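**Student:** These protein sequences, in sequence, are chains P and H.
Residue numbers for the first sequence follow our numbering, beginning at 1 and rising by one.
Residue numbers for the second sequence follow our numbering, beginning at 1001 and rising by one.
Treat the hints as calculated values from the structure; they're not laboratory data.
Nothing here was measured: the structure is a model prediction, and the numbers come from that model.
Incorrect hints may appear among the rest.
Unchecked claim - For lysine to aspartate or glutamate, the following EDC-like pairs were computed, each having C-alpha atoms within a straight-line distance of at most 20 angstroms:
#	chain 1	residue 1	chain 2	residue 2
1	P	Lys-482	P	Asp-459
2	H	Lys-1171	P	Glu-75
3	H	Lys-1171	P	Asp-460
4	H	Lys-1171	P	Glu-55
5	H	Lys-1044	P	Asp-460
6	H	Lys-1171	P	Asp-69
7	P	Lys-550	P	Asp-460
8	P	Lys-81	P	Glu-39
9	H	Lys-1044	H	Asp-1069
10	H	Lys-1044	P	Asp-95
11	H	Lys-1044	P	Asp-83
12	H	Lys-1171	P	Glu-133
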Amino acid sequence: MRLTVFQRMGRGLLERRWITGVLALLLLTSSLVLGWQRERAAIGEEARGAGSQAELLAGSLAGALAFDDLVTTREQLDALKLDPDIQAAGVYGADGTFVAGFAKRGDPLPRTVQPHEPEIVGRQLSVVVPVREGNLMLGSIYLRTSIEPFAERLSRYLAIGVVILMAALLIAILGASNAASAAANRRLQSEIVAREQAETALRHSQKMEALGQLTGGVAHDFNNLLMAASSGLELMGRAKTDERREQLTAGVRDALDRGARLTEQLLAFSRRSPVHSRPIAVAAHIDKLVDLLDHALGETVSVRFDIPADLWPVEVDVSQFDVAILNIAVNARDAMPRGGQICITARNRADALDGEDAVEIAIQDEGLGMAREAVERAFEPFFTTKDVGRGTGLGLSQVYGFARSAGGTVAIASEPGAGTTVTLLLPRGPAVASERADAGGASAVARDFGGLRILLVEDDPDLNELVGQMLEELGADVLRAKSADEGGRLLEGATVDAVVSDMVMPGEMDGLDLARRLRERREELPIVLMTGYSEAAGSAAKEGFPVLRKPFTLDALVGVLGTAVAGGRG
Amino acid sequence: MSRRPAPRLRAAFAVAVLLLAGVHPPLAAQSAGEGSIKAAYLIKLASFVRWPADAGGDTFRICVSGRADIARVLGRAVGEQRVEGRRVALVQLGAGNPQQARTCQILFLGSGGEPARSLLDASRGAPVLTVTDGDNGTRGGAVEFVIRDGRVRFTIDRSEAESRQLELSSKLLDVALAVEP
C-alpha cells in the first residue's frame, strides 16, 4: 500500500519537467559544495601535517639547540631534505638568529622568524613553531612545504566531476522524455474514452435511424392490417354462409400473423444490446425481412431474391444483420429516385475469407452509382451524398461495423450511371438450432392430448388463462402455476405427462432453470418453453428444449407440444 | 658520508686562526668565552633533568665551587631565571662547609684538588646533579664538560645520576659526546 503511494508520488514527480531539472541542478550544486568542503578539509589536513612535522623537529632539536650541537642539528635537517614536499626548513636561536637550515627552491629562508600558525602564501604553506624545554625558550623552527597546485587538485576531481555532470544531464533528459510520454499517454487515454463514448453513441444513433426508416412503413402497415382485421370482423357479422365466414376468419388471421411478424422485427430493433451473435440460416431470415423491406422501400422499388436453399448458415447478431441489410437496401432505393429493382443474391464461397469458408451476400441496384471518391469514403461515419435532412451518413458505416464485428468484410463496387453493388462476405457459422418445430403436422406428432396431465407455468394471468384454455380444448388436464418456483413445488406432489412453461418470469428460478431441473429428474419428460424474446429462445434452443415463439397459434402449440410428447413417448 | 666535513673544516679553520693568534685554543674557541658558555649550560641543564619531588623546596640552588668567573656570570643571570616555577639562587661553595653541598640541586666543581673531592663526597647520595670540568681536572660528575674541536661539549655518567635519583632527558643524552652506562 505504502509502496504504491510512493510509486504514485514518484511518477507524479517525474512527470513534471521542472522537477527533474531541479533534481539535476541539486545534484550538481551538492557535488560542488561537497567538493569545496573536501578541498578545505584537504588543505586543513596539509596545514596540520606541516605543523606537527615542525613540532616533531622542534622536539628532537631541543637538546642540540640548547647545547649548540650544530652537527646533530644538521643531521636532523638533512633527514628532512629527503622529503620532497618540504621546500625549506630553518632552525633559529632563542634570540631569533639563524642557526642552520636549507631552502631547496623558491624564496630563501627568512633572516628572523616569529612563531605563527600555518599560513598559505601562493602554493606554499609556512609555519614557525617555538622550541622549548620546560620553561626554557630555546629557539624556533621554520618549515615551508609545497601544496599541490589547484589545477592539479582539480584534475583529480575531473573524472568524478564528468560522471556527476553526465548523471545530471541524464536525469534531466529522462525526466523531460518521461514527462512528454506521460502527457502523451494521458491524452491518448482521454481520447480512447472519448472515442468509446462516441462509438456507443454512434451505434445507438444508427439503430435510431434504421428505426426511423422503419417507423413510417410499419405504422402504415399496421394501420392496414388493423383495417383488414376490423373490417373482416365487421363483415363476419353480416356473413350469410359458413363458407364466407371461414373466408373472412382466414383473412383476419392472416392480418394478425403479419402484425405478429412485424412486432417481432421491431422488438429485435429496439433491443439495445451490443453484439449477440447466433447462427442463422440466411434464406429463412431474409424471408422474414421481405415484408419489412417492401414497406420500407416504397412502391416504386421491387426486390428480387436469389438465395440458394443449400446456403451455409452464418453467425451474426441478428438485429445488426437486419439493420445492415435494411441500410443497404434504403441506400439502393435512394439511388433510384425513379424506381427500379434491387437484387439480393447470396452464394457459398469456399475459402474466400482468409482461407475460411464464407457466405457472400450481394445487394445490387440499378441506380445512379457513385464516383470513385465517394466509394472510397462511403464507409466513413457521417459521410453522405444525400441532401441535408435526408440522410445522416451513418448507414454504411453501420454496415461496415457490423461486417467487422461478425469477422467478415464489406466492399462496394460502383461506377457513375452503372449502379452499385454492396457485397458482404460473412464467415460460415455453425449449424442452426431448430427454433421452431414444423407446425405442418409431420408423422410423429401427437394431436390428441386426451387424458394427458400438463403443467402450465405462466406468470401473465391473461396468457395463463388463454393457453390453459387452449390445452383444455385439446383434451388435456391442466395444472396451473404462476411462477417457476410454484411449478417446481406443484411437481413435488403430483405427476404430470408434460410441461409447458414461460421462460422469463419473476422468482428465484426462471423457465429455463425449471426445465433444466426437471430434465435432471425425469429425462423423458416432454418440456416446451414459450417466449417472445429471441435471445431467450436462442439459449433454450441451444440446450435442446423445443421453443414456442410468442405469439403463437393453436396449430403451432399442437405442432410443438405434439412433437415433444410423441418424442417423449417414443 | 659527506655530512660532517663542513663543520669539521670550519672548526679546523677556527683552531688554525687561534693558533696563529697565539691564544690557548680550548679557552678561546667560542666567541662568548668558555666560562660564560658553561654558565649558560648550567642553567639550561636544569630543563633536561628531573629531580625527586621533595628536593630543594621553593628555591632552586646552583652551587659553584672553584670558578669565580662562572659564579659571577651566573650571579648576573639567575635573577631572571625560573626552573619549574622556582626562584634560582646562586651559592658559592668553599671548602669550609662541605655538608652545604647536599642542599644544592646543581653542584659545579670548577677546579680540582681536595676541596672539590670533599664536596663531592659530602653530597654523595643526595639528589644533586654534579657537574665536573674535565679540562680543569675535576672528574666523576654526572655531567662532565670537555672541550672538543674548540667547543664546549659534555659526557654523561648515567649511574652517577641514577644513584642520586635523577632522571636525565633523552634529548640530553642525544647531544652528549659519550654516555657511560
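**Student:** Hey, Lys-482 of chain P versus Asp-459 of chain P, does the alpha-carbon distance stay inside 20 angstroms?
**Tutor:** Holds, because 5 angstroms separates the two Cα atoms, which is no more than 20 angstroms.
**Student:** Are the Cα positions of Lys-1044 of chain H and Asp-95 of chain P separated by 20 angstroms at most?
**Tutor:** Distance of about 15 angstroms is within 20 angstroms: holds.
**Student:** Has the given pair, Lys-1171 of chain H with Glu-75 of chain P, been kept, meaning a C-alpha gap of at most 20 angstroms?
**Tutor:** holds, 15 angstroms
**Student:** For Lys-550 of chain P and Asp-460 of chain P, compute the direct alpha-carbon distance and say whether it is at most 20 angstroms.
**Tutor:** Cα-Cα ~13 angstroms, so holds.
**Student:** Decide if the proposed pair is consistent with the structure: Lys-1044 of chain H and Asp-83 of chain P, CA atoms, cutoff 20 angstroms inclusive.
**Tutor:** violated, 32 angstroms
**Student:** For the pair supplied as a hint, Lys-1044 of chain H and Asp-460 of chain P, is the alpha-carbon distance within the 20 angstroms limit?
**Tutor:** With Cα atoms ~134 angstroms apart, Lys-1044 of chain H and Asp-460 of chain P exceed 20 angstroms; violated.
**Student:** Checking one constraint from the list: CA of Lys-1171 of chain H to CA of Asp-69 of chain P, max 20 angstroms. Satisfied?
**Tutor:** holds, 11 angstroms
**Student:** For Lys-81 of chain P and Glu-39 of chain P, compute the direct alpha-carbon distance and say whether it is at most 20 angstroms.
**Tutor:** Between Lys-81 of chain P and Glu-39 of chain P the Cα gap is close to 27 angstroms, so the pair fails against 20 angstroms, i.e. violated.
**Student:** Does the structure keep Lys-1171 of chain H and Glu-55 of chain P at a Cα separation of 20 angstroms or less?
**Tutor:** holds, 15 angstroms
**Student:** Take the C-alpha atoms of Lys-1171 of chain H and Asp-460 of chain P, compute the straight-line distance between them, and say whether it is at most 20 angstroms.
**Tutor:** Violated: Lys-1171 of chain H and Asp-460 of chain P sit about 127 angstroms apart, past 20 angstroms.
**Student:** Does the alpha-carbon distance linking Lys-1044 of chain H and Asp-1069 of chain H stay inside the 20 angstroms limit?
**Tutor:** This hinted pair holds, its Cα atoms lying about 18 angstroms apart.
**Student:** Does the structure keep Lys-1171 of chain H and Glu-133 of chain P at a Cα separation of 20 angstroms or less?
**Tutor:** holds, 10 angstroms
Going down the numbered hints, you'll see the structure goes against 3, 5, 8 and 11, while the others check out.
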